[in-house]
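As they're listed, the protein sequences go chains P and S. Using the numbering used here, the first residue of the first sequence is number 9, and each one after it goes up by one. Using the numbering used here, the first residue of the second sequence is number 9, and each one after it goes up by one.
Please note that the accuracy of each hint is not assured.
Since the list can't tell identical chains apart, any single copy or any two copies may satisfy a pair.
Claimed, not checked - With a straight-line cut-off of 25 Å between C-alpha atoms, the simulated PhoX-like cross-links for lysine-lysine are:
| no. | residue 1 | residue 2 |
| --- | --- | --- |
| 1 | Lys194 | Lys92 |
| 2 | Lys198 | Lys64 |
| 3 | Lys197 | Lys64 |
| 4 | Lys194 | Lys300 |
| 5 | Lys142 | Lys11 |
| 6 | Lys262 | Lys300 |
| 7 | Lys262 | Lys303 |
| 8 | Lys77 | Lys145 |
These aren't lab readings, by the way, just hints derived from the structure by calculation.
There are 2 protein chains.
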Amino acid sequence: MNKILVVGSIGLDTVETPFGQVQDVLGGSATYFSVAASFFTPVNLVAIVGSDFPEKEIGFLQSRRIDTKGLIINPGKTFRWKGKYSYDLNTAQTLDTQLNVFAQFKPVLPADYQDASFVLLANIDPELQLEVLKQVKKPKFIACDTMNYWIDKKVDALKKVIAAVDLLFINEAEIRQLTQELNLVKASKKIFSWGAKHVIVKQGEYGALMFSQGSVFSAPGFPLEEVNDPTGAGDSFAGGFMGYLAQKGELSEKYFRQSTIIGSVMASFNVEDFSLNRFKRLKYEEIEQRFKEFKRLSHFEETL
Amino acid sequence: MNKILVVGSIGLDTVETPFGQVQDVLGGSATYFSVAASFFTPVNLVAIVGSDFPEKEIGFLQSRRIDTKGLIINPGKTFRWKGKYSYDLNTAQTLDTQLNVFAQFKPVLPADYQDASFVLLANIDPELQLEVLKQVKKPKFIACDTMNYWIDKKVDALKKVIAAVDLLFINEAEIRQLTQELNLVKASKKIFSWGAKHVIVKQGEYGALMFSQGSVFSAPGFPLEEVNDPTGAGDSFAGGFMGYLAQKGELSEKYFRQSTIIGSVMASFNVEDFSLNRFKRLKYEEIEQRFKEFKRLSHFEETL
Numbered sequence: 009m010n011k012i013l014v015v016g017s018i019g020l021d022t023v024e025t026p027f028g029q030v031q032d033v034l035g036g037s038a039t040y041f042s043v044a045a046s047f048f049t050p051v052n053l054v055a056i057v058g059s060d061f062p063e064k065e066i067g068f069l070q071s072r073r074i075d076t077k078g079l080i081i082n083p084g085k086t087f088r089w090k091g092k093y094s095y096d097l098n099t100a101q102t103l104d105t106q107l108n109v110f111a112q113f114k115p116v117l118p119a120d121y122q123d124a125s126f127v128l129l130a131n132i133d134p135e136l137q138l139e140v141l142k143q144v145k146k147p148k149f150i151a152c153d154t155m156n157y158w159i160d161k162k163v164d165a166l167k168k169v170i171a172a173v174d175l176l177f178i179n180e181a182e183i184r185q186l187t188q189e190l191n192l193v194k195a196s197k198k199i200f201s202w203g204a205k206h207v208i209v210k211q212g213e214y215g216a217l218m219f220s221q222g223s224v225f226s227a228p229g230f231p232l233e234e235v236n237d238p239t240g241a242g243d244s245f246a247g248g249f250m251g252y253l254a255q256k257g258e259l260s261e262k263y264f265r266q267s268t269i270i271g272s273v274m275a276s277f278n279v280e281d282f283s284l285n286r287f288k289r290l291k292y293e294e295i296e297q298r299f300k301e302f303k304r305l306s307h308f309e310e311t312l
Numbered sequence: 009m010n011k012i013l014v015v016g017s018i019g020l021d022t023v024e025t026p027f028g029q030v031q032d033v034l035g036g037s038a039t040y041f042s043v044a045a046s047f048f049t050p051v052n053l054v055a056i057v058g059s060d061f062p063e064k065e066i067g068f069l070q071s072r073r074i075d076t077k078g079l080i081i082n083p084g085k086t087f088r089w090k091g092k093y094s095y096d097l098n099t100a101q102t103l104d105t106q107l108n109v110f111a112q113f114k115p116v117l118p119a120d121y122q123d124a125s126f127v128l129l130a131n132i133d134p135e136l137q138l139e140v141l142k143q144v145k146k147p148k149f150i151a152c153d154t155m156n157y158w159i160d161k162k163v164d165a166l167k168k169v170i171a172a173v174d175l176l177f178i179n180e181a182e183i184r185q186l187t188q189e190l191n192l193v194k195a196s197k198k199i200f201s202w203g204a205k206h207v208i209v210k211q212g213e214y215g216a217l218m219f220s221q222g223s224v225f226s227a228p229g230f231p232l233e234e235v236n237d238p239t240g241a242g243d244s245f246a247g248g249f250m251g252y253l254a255q256k257g258e259l260s261e262k263y264f265r266q267s268t269i270i271g272s273v274m275a276s277f278n279v280e281d282f283s284l285n286r287f288k289r290l291k292y293e294e295i296e297q298r299f300k301e302f303k304r305l306s307h308f309e310e311t312l
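Chain P extracted, bound-state conformation (with noise of 0.2 Å):
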């Protein structure tokens, strides 16, 4: 079975909703792809946290199929981030981000996390993206994911990554943001242009846009009744798109379209409850029957 790479952050957050609050949990792009991920495949871990970094964290992250070698422990407190969402649940707020020892991350790749053959950049500087590129021997698929900060401070160093890569993980403001076009085809033609060969353009609560060179695929968003806490919607949709297209190992357009919705499955348990805890208790059973559902919430006879 491939196994998945991924660097990124792992983080303690403070979360406040309209639906309750949270304080110094579990959070981190590269926590939620991970977990997410490791449904489908094992995954190796590169990250930073602080001596503080609750031991019971690590021992869950373990407990998953989630190889922690590559995970730093430095003297000191672990990347804190505290957010708030409205009624709208579409855009948070940051109230406060203290990056603490994530200001030294340099990741390093362990000896045999080097022939990783699915990679995925989670989002952190583009400069320490590079970095881990350059450690990485034969990938056979690299995907990456960013941020408006990036694309505000270091958009030439993002352009080289994206030149890199398979995929592009972006959401629909930022995408608009980057490229400097308002329409989303002539958007992901740039990013075509760049070096990129797909991008996915997360739409939030109306689901995704996968680009590839010559087609198009709509996922749709899954209506759900509850939305707790949509920190993480984006990572464990990146999670469940890299987890299931590794576990296929096939780069085509068959597993591409449902990775897609795979994606949006692990989107959408997550956003039900604060921080990982819907995964903590999520079956694959269940996941099974929510891609069943996606298929049912899109299905329409072909033939006029």
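Chain P is fixed; fit chain S onto it per the hints.
Using the frame of chain P, we list chain S on its own:
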């Protein structure tokens, strides 16, 4: 073949978008609806225009399968709307509205319109919508549309309309305003509790959700590279939906879903050009072709 009765507005629109502008061109909810529906089934039109309304436009409607016996031509000026869209194209800014003869509109159905089996109450005063309902004898399927103005001004009459129809077409912001529910699943349940059996929530470029009691269907938005004027997209959607459903004549989940896609197809064509220009040159083969493209856009294999 089942005919459709539509009661709504006909106007002359002046529209500016980032891609061009037009002055005093054919518009109005009943116009977009009728022309979109006429690709699938004959339409009986009830509306009002002024003596300044261009004869060639009446000729255009008649050249389609649209019966204009119910079109009142009163002395005075036709309803006029002036609006502007900025780059996001999602919401129109109304610059000017002149009701003109539309202020005198009292819909009276010609005798042979009264046994209509499919009825669309387009976006007009809900009290007039109720007047129309009193005049139809044994309709098989009734749908209505509305807008924020009536939610603000005549919510009680609107709720009476909703109690009397089978399907409500409404956009996302409007259903939230009307039901005071942000969550669309909960909002649709509130609509059901008022009487309607189906709700189609229009989400602009993101597509549409059709809620029925016990099921939900998601129709994707079509990723267009050129969008020139979103005016009439919702009415074109309703026209495609009702036209195809009336053509099939069977109120089954299969046809509800296909009708939702046909609605999306017609909306996607309409926004490609100003006024009804795209419909004027649209061929049935293009509709079939785009329906297939919607299938390709949303299809994925069922077996994991």
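Going down the list of hints, with the structure as the test:
1. Lys194 x Lys92: This pair counts as between: shortest inter-copy Cα distance 23 Å, intra-copy 33 Å.
2. Lys198 x Lys64: neither (44 Å within a copy, 44 Å between copies)
3. Lys197 x Lys64: Neither way: Lys197 and Lys64 sit 45 Å apart in one copy and 42 Å across, limit 25 Å.
4. Lys194 x Lys300: The answer is between: 22 Å across copies meets 25 Å, while 32 Å in one copy does not.
5. Lys142 x Lys11: within (18 Å within a copy, 67 Å between copies)
6. Lys262 x Lys300: Both, since 16 Å and 18 Å are each at most 25 Å.
7. Lys262 x Lys303: Classified as both: same-chain Cα gap 14 Å, cross-chain 14 Å, threshold 25 Å.
8. Lys77 x Lys145: within (19 Å within a copy, 75 Å between copies)
Of the numbered hints listed earlier, those contradicted by the structure are 2 and 3.
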